[in-house]
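Number of protein chains: 2
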Amino acid sequence: MKFSKATNYALHTMLYFVVTDPKQQLGVQPLAEKMEISPTYLSKILTQLVKAGLVESASGAKGGYRLPRGWESISFLDIIHAVEGPVSLFDGCLNDNPECMVKQVMVSAEDKMEEELKQRTLADFAESAPAAL
Amino acid sequence: MKFSKATNYALHTMLYFVVTDPKQQLGVQPLAEKMEISPTYLSKILTQLVKAGLVESASGAKGGYRLPRGWESISFLDIIHAVEGPVSLFDGCLNDNPECMVKQVMVSAEDKMEEELKQRTLADFAESAPAAL
DNA sequence: TCTATTATAGATATAATAACTCTTTTATAG
DNA sequence: CTATAAAAGAGTTATTATATCTATAATAGA
Ligand code: SF4
Ligand code: SF4
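If you read the sequences in order, they're chains A and B.
Here the numbering used here is used: the first residue of the first sequence is 3, the next is one more, and so on.
Here the numbering used here is used: the first residue of the second sequence is 3, the next is one more, and so on.
Simulated from the structure, these hints should not be mistaken for laboratory data.
Please note that a few of the clues may not be correct.
Note that identical chains are pooled: a pair holds if it fits in a single copy or bridges any two copies.
Said to hold, decoys possible - In silico BS3-like links for lysine-lysine, alpha-carbon gap of 30 Å or less:
#, residue 1, residue 2
1, Lys105, Lys36
2, Lys25, Lys114
3, Lys64, Lys4
4, Lys4, Lys25
5, Lys64, Lys114
6, Lys46, Lys36
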């Protein structure tokens with residue numbers, strides 16, 4: 003019952019994009035070194051973010067990654083969902099009773115968490131946390 | 003990023019105690035049959051609940067499990083914590099900066115979820131959901 | 001005390017998932 | 001054409017979840 007390391011890497015990577023320069027193309031090597039993981043692994047995570055539209059990539063020489071226009075409104079939840087997939091904290095419900103309050107409680111709890119994660123966007127970090135990473 | 007099956011079993015077991023008879027001693031076999039898992043496995047989960055003080059157990063003949071006095075105020079969060087341990091959705095933070103907003107966001111999101119889970123107690127299910135399980 | 005019953009503990013096996021690596025392919029600037 | 005960098009795919013290892021089996025401890029009742 004915790005977020006994967008991949009999600010961690012994704013969050014930190016996105017934040018790093020913000021605190022450096024959202025416009026500039028950035029290769030995967032410097033990022034990988036910062037977090038001490040292999041470039042190919044991080045690349046795989048970044049590809050997930052690309053597919054979710056949370057970063058832009060450019061192949062070939064002088065290529066790299068950068069934030070897309072509109073990056074300011076990307077939320078924590080967006081990033082988490084991009085990496086973890088559509089998570090539902092509560093699964094394995096056999097007799098699928100829609101009235102069941104157990105499910106309702108769990109779903110509502112998850113919603114509360116997601117609400118919070120949705121409200122926090124990269125814009126919040128543009129000024130406030132340049133020293134974080 | 004989801005709750006374990008064990009947590010599921012624990013929640014359903016607790017609910018089952020409520021909808022049947024909170025006072026009566028109940029062996030592990032009937033419960034295990036209901037959820038189609040082995041008695042020893044469920045027993046292990048129940049033992050965790052016992053250690054957390056969420057159920058009472060009695061060894062020996064005519065023994066079994068039952069809810070303790072004050073069971074009405076046991077919350078979903080109590081049960082989850084008893085089985086999952088002290089979970090923190092966000093770990094693997096290396097340079098432990100207490101000012102870090104990333105951590106703050108994640109912790110606050112988790113808090114929101116836990117608040118909700120804390121407010122839902124077994125008492126809510128005493129009348130409302132006798133047909134759930 | 002003896003026996004049947006029931007929880008507890010420990011060791012172990014299996015399965016599933018996460019975490020990571022290596023290799024190959026595709027794309028592009030110069 | 002070539003150097004560079006991302007994307008894709010296959011495969012490996014590590015970790016954790018899930019579950020079972022066996023043995024031990026406790027207790028009520030005969
Ligand atoms: S009690 Fe609710 S959550 Fe559990 S199996 Fe039934 S419908 Fe699903
Ligand atoms: S940026 Fe924040 S969450 Fe990430 S390692 Fe640093 S202190 Fe921890």
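Hint check:
no.	hint	verdict
1	Lys105 x Lys36	between (41 Å within a copy, 18 Å between copies)
2	Lys25 x Lys114	neither (33 Å within a copy, 34 Å between copies)
3	Lys64 x Lys4	neither (37 Å within a copy, 40 Å between copies)
4	Lys4 x Lys25	neither (32 Å within a copy, 35 Å between copies)
5	Lys64 x Lys114	neither (42 Å within a copy, 43 Å between copies)
6	Lys46 x Lys36	within (16 Å within a copy, 42 Å between copies)
Violated hints, listed in ascending order, are 2, 3, 4, 5; each of the other numbered hints is respected by the structure.
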